[in-house]
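Colleague: Chain order of the listed sequences is A and B. Counting from 1, one number per residue, gives the positions in the first sequence under the working numbering. Counting from 396, one number per residue, gives the positions in the second sequence under the working numbering.
Honestly, the hints are just simulated from the structure, not real lab data. This structure is a prediction, so every number in the text was calculated from the model and none was measured. Quick reminder that beta carbons are idealized off the backbone N, C-alpha and C, glycines included. Hints should not be assumed to be uniformly reliable.
Stretches of chain B that chain A covers, calculated by requiring three or more beta carbons in the stretch to come under 8 Å of a beta carbon on chain A [to be verified]: (1) 468-477; (2) 505-515; (3) 560-570; (4) 624-634; (5) 644-650; (6) 655-661.
Listed next, with one range per pair, are the computed distances between beta-carbon atoms [to be verified]: (7) Phe140/A - Val468/B: 54 to 62 Å; (8) Ala329/A - Val516/B: 26 to 34 Å; (9) Leu609/B - Gly194/A: 19 to 27 Å; (10) Gly113/A - Ala669/B: 36 to 44 Å; (11) Val351/A - Leu609/B: 34 to 42 Å; (12) Leu258/A - Ala669/B: 33 to 41 Å; (13) Leu54/A - Phe673/B: 48 to 56 Å; (14) Ala669/B - Ser137/A: 49 to 57 Å.
So these bits of chain A aren't anywhere near chain B, every CB distance computed over 10 Å [what the hints assert, rightly or not]: (15) Ala171; (16) Arg216; (17) Leu227.
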Amino acid sequence: MTAVTPAPLSTATAPAAASAGAAPPSRSGGRSRLRTMAGFAFGAALLFAVAPLLLSDFRLALLAKYLCVAMVAVGIGIAWGRGGMLTLGQGVFFGLGGYAMAMHLKLADAGPGGMPDFMQLYGQLDELPLWWRPFASPWFALPATVLLPMAVAFGLGSLVFRRRVRGAYFAILSQALAAAMVILLIGQQGTTGGTNGLTDIKGFFGYDLDDPVNQRMVYFIIAGVLLALLALTRQLIQSRYGELLVAVRDGEERVRFLGYDPASVKLVAYVVAAGMAGLAGALFVPAVGIISPALIGIVPSIEFVIGVAVGGRATLLGPVLGAVAVAWARTALSERFPGTWTYLQGLLFVVVVAFLPGGLASLWALARRRDVGAQPARRGWSPLGRRRVERTEAA
Amino acid sequence: MTVLFGQLFTGISIGAVLLLIALGLALTFGQMNVINMAHGEFIMAGAYTTYVLQQSITGAGLSLVVALPVAFVVAGTMGVLLEVLLIRRLYARPLDTLLVTWGVSLMLQQLARDVFGSPNVQTRAPDLLTGNVALPGGLTIANNRLFILALALAAVAALTLALRLTPLGRRIRAVVQNRDLAAVSGIPTARVDRTTFFLGSGLAGLAGVALTLLGPIGPTMGTNLIIDAFLVVVVGGIGQLKGSVIVAFALGVLQATGEYLTTLSVAKVIVFVAIVAFLQWRPQGLFTLRTRSLA
Numbered sequence: 001m002t003a004v005t006p007a008p009l010s011t012a013t014a015p016a017a018a019s020a021g022a023a024p025p026s027r028s029g030g031r032s033r034l035r036t037m038a039g040f041a042f043g044a045a046l047l048f049a050v051a052p053l054l055l056s057d058f059r060l061a062l063l064a065k066y067l068c069v070a071m072v073a074v075g076i077g078i079a080w081g082r083g084g085m086l087t088l089g090q091g092v093f094f095g096l097g098g099y100a101m102a103m104h105l106k107l108a109d110a111g112p113g114g115m116p117d118f119m120q121l122y123g124q125l126d127e128l129p130l131w132w133r134p135f136a137s138p139w140f141a142l143p144a145t146v147l148l149p150m151a152v153a154f155g156l157g158s159l160v161f162r163r164r165v166r167g168a169y170f171a172i173l174s175q176a177l178a179a180a181m182v183i184l185l186i187g188q189q190g191t192t193g194g195t196n197g198l199t200d201i202k203g204f205f206g207y208d209l210d211d212p213v214n215q216r217m218v219y220f221i222i223a224g225v226l227l228a229l230l231a232l233t234r235q236l237i238q239s240r241y242g243e244l245l246v247a248v249r250d251g252e253e254r255v256r257f258l259g260y261d262p263a264s265v266k267l268v269a270y271v272v273a274a275g276m277a278g279l280a281g282a283l284f285v286p287a288v289g290i291i292s293p294a295l296i297g298i299v300p301s302i303e304f305v306i307g308v309a310v311g312g313r314a315t316l317l318g319p320v321l322g323a324v325a326v327a328w329a330r331t332a333l334s335e336r337f338p339g340t341w342t343y344l345q346g347l348l349f350v351v352v353v354a355f356l357p358g359g360l361a362s363l364w365a366l367a368r369r370r371d372v373g374a375q376p377a378r379r380g381w382s383p384l385g386r387r388r389v390e391r392t393e394a395a
Numbered sequence: 396m397t398v399l400f401g402q403l404f405t406g407i408s409i410g411a412v413l414l415l416i417a418l419g420l421a422l423t424f425g426q427m428n429v430i431n432m433a434h435g436e437f438i439m440a441g442a443y444t445t446y447v448l449q450q451s452i453t454g455a456g457l458s459l460v461v462a463l464p465v466a467f468v469v470a471g472t473m474g475v476l477l478e479v480l481l482i483r484r485l486y487a488r489p490l491d492t493l494l495v496t497w498g499v500s501l502m503l504q505q506l507a508r509d510v511f512g513s514p515n516v517q518t519r520a521p522d523l524l525t526g527n528v529a530l531p532g533g534l535t536i537a538n539n540r541l542f543i544l545a546l547a548l549a550a551v552a553a554l555t556l557a558l559r560l561t562p563l564g565r566r567i568r569a570v571v572q573n574r575d576l577a578a579v580s581g582i583p584t585a586r587v588d589r590t591t592f593f594l595g596s597g598l599a600g601l602a603g604v605a606l607t608l609l610g611p612i613g614p615t616m617g618t619n620l621i622i623d624a625f626l627v628v629v630v631g632g633i634g635q636l637k638g639s640v641i642v643a644f645a646l647g648v649l650q651a652t653g654e655y656l657t658t659l660s661v662a663k664v665i666v667f668v669a670i671v672a673f674l675q676w677r678p679q680g681l682f683t684l685r686t687r688s689l690a
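Okay, chain A solo, but in the shape it has when bound:
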């Protein structure tokens, strides 16, 4: 970018400045692998045994919803935490997955040759619009929940990353994508359900969603998928690619000079994050029974990010725990004091991002006196001089 406003000299107050550059994650030594396995077993026990035993059906359904948000958070953790791409439009991918799933379930509810109820309600349509038709088949709809968001992310990402649109510019562009998507959905009310979205979904592949037993089944599916995504993410960030991604985040130009193509590296992370958001949206629909523009617009898209920031953007578990904690706090507080939550949420953004950029995970690391390599390198040595590193990140 035009890069004319280097940072003032006197701002070395950020807590992040203390931690050194990103140490490469230790490659799966025996002990670390064992610990990870134990961690996964513990998480699985918590999700599959403890939570269903302790929580009422209502709370379990809420937890299912939070876990969907956590899936989006895992993706943001990869794209933003490890890759430095602040994507403020994950709601778009969440929505694409959610709408693809909801369209299929609506058509399945309506029966063969039937039409979703809202289409008759809003009038004019005599037959199913052409672009709805493939979604009648689960063989199209299910892959589409993941592949459609990935395709959109690939399209946008391959255009902008290659032209080195990044940092704040990318964030604004991704947010504009969310705005455009919502306006489009609301504008095409006759075929998308407009502001109401797709509601009143009754069945899930032949199972009645009103039945608490089936709701539990949906919860187990979601918990299983989340664990699988976490395992996948761990493999990804421990791989050579994962290290390259962190390198691109901390010094894109240096990676370019080393002969790699940063655009492709970023593109992969962005597309993976989009796929995770799509999957989360698809599972959100049977868990909650609705998908609507209000769930995927600018505001929810940026709310996905705050959970990640609270938990610790560049850690594996931080985004998940942060997302669940924030979603839980939101429900708990807004049940009792509706206005207070908004203040608290705003304060959370300010305090966590400004004063604790590593999230709660950095407190954990501090307590254990270990540098987990979670912090973006901000004051590293560089042949181009200290200030240039900041600029690369800033631009």
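Given the structure of chain A, go ahead and fit chain B onto it with the hints provided.
Modeller: Showing chain B alone in chain A's frame:
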């Protein structure tokens, strides 16, 4: 022909609103590289200032005239507070600034809800601005749209002159072009930053006053406007004003034309696609300051 001119003027007036909002951002984002998501709430503050003033000043025309400077100062002061308390600590981390100011914007919205109530409020427009100007050929142009266009152009002219001719403007330009060199040359960069932020946020206040002429005032009025305005600055290119001016009007006309040919929602998507396509051609925006920086 009438339709064409009508659409053209609709586009220009959309562009004028965009420009008025984007002008403040062109200063804070364009010149200082700070992404202030609370800019939309400064617009809201300007709009509510007009509303509050109308409670005590009965004449709609007089209250509007008084509101312009008062809103400028109110929003500008809020901007300086934000700069001093938070943004100053985050200059090296633009993405984090974005999230922090988003948090501030959430709090300001809730504050507006608590003080003024969730429902939108309305101001009275002065009689002078409620009519239409009839042009030959059956074309009419709303007075309030003309007023906003004039206000936007006046703001651009004043800002351009201030940046070109005054000592303050010279200092601002120096800091934009090379902060370190400006600092060693004895320019108090921190104070220049604060002044720039005051001006940029104050312009948001002006935009807020103008927007009361077009529609109701509500706590979330800033959120939707702000993204379009950021896009204007991104596409216009940072570090100067002329790009934002041209792009604001271009996007306005594109939006109006798209809306005329298709629908509002499709027009928004067209504008987005056009922006992504444009950034393929000029990823740095329409005009750029030439530097030798890598990034």
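Colleague: Please go over all the hints and tell whether each is borne out by the structure.
Modeller: Hints, verified against the model:
For a cut-off of 8 Å, the count of residues in the segment 468-477 of chain B with a CB near a CB of chain A stands at 0, and the three-residue condition is violated. For the segment 505-515 of chain B, the stated coverage by chain A is satisfied: 3 residues place a CB nearer than 8 Å to a CB of that chain, which reaches the threshold of 3. For the segment 560-570 of chain B, the proposed coverage by chain A is not satisfied: 1 residues have a C-beta within less than 8 Å of a C-beta in that chain, short of the threshold of three. Residues of the segment 624-634 of chain B with a Cβ under 8 Å from some Cβ of chain A number 6, which satisfies the need for three, so the listed coverage holds.
Given as covered by chain A, the segment 644-650 of chain B fails the check, having 0 residues with a CB less than 8 Å from a CB of that chain where 3 are the minimum. As drawn, the segment 655-661 of chain B meets chain A at 4 residues by the rule of a beta-carbon pair under 8 Å; at three or more, the given contact holds. Phe140/A and Val468/B have their C-beta atoms about 59 Å apart, which keeps the hinted 54 to 62 Å range intact. Taken as a hint, the range 26 to 34 Å holds for the pair Ala329/A and Val516/B, whose Cβ atoms sit roughly 31 Å apart.
At roughly 24 Å, the beta-carbon separation of Leu609/B and Gly194/A lies within the given 19 to 27 Å, and the hint holds. Distance hint for Gly113/A and Ala669/B: a CB-CB separation of about 40 Å, consistent with the stated range 36 to 44 Å. With their beta carbons about 36 Å apart, Val351/A and Leu609/B fall inside the hinted range of 34 to 42 Å. Hint check: Leu258/A to Ala669/B, Cβ distance near 35 Å, so the stated range 33 to 41 Å holds.
For Leu54/A paired with Phe673/B, a C-beta distance near 54 Å keeps the hint of 48 to 56 Å intact. The hinted range of 49 to 57 Å is not satisfied by Ala669/B and Ser137/A, whose Cβ atoms lie roughly 35 Å apart. For Ala171/A, the requirement that its beta carbon stay farther than 10 Å from each beta carbon of chain B is not met, with the minimum near 6 Å. Separation of Arg216/A from chain B is adequate, the least Cβ-Cβ distance of about 35 Å exceeding the 10 Å criterion.
The beta carbon of Leu227/A sits about 28 Å from the closest Cβ of chain B, which is more than 10 Å, so the claim that it is off the interface holds.
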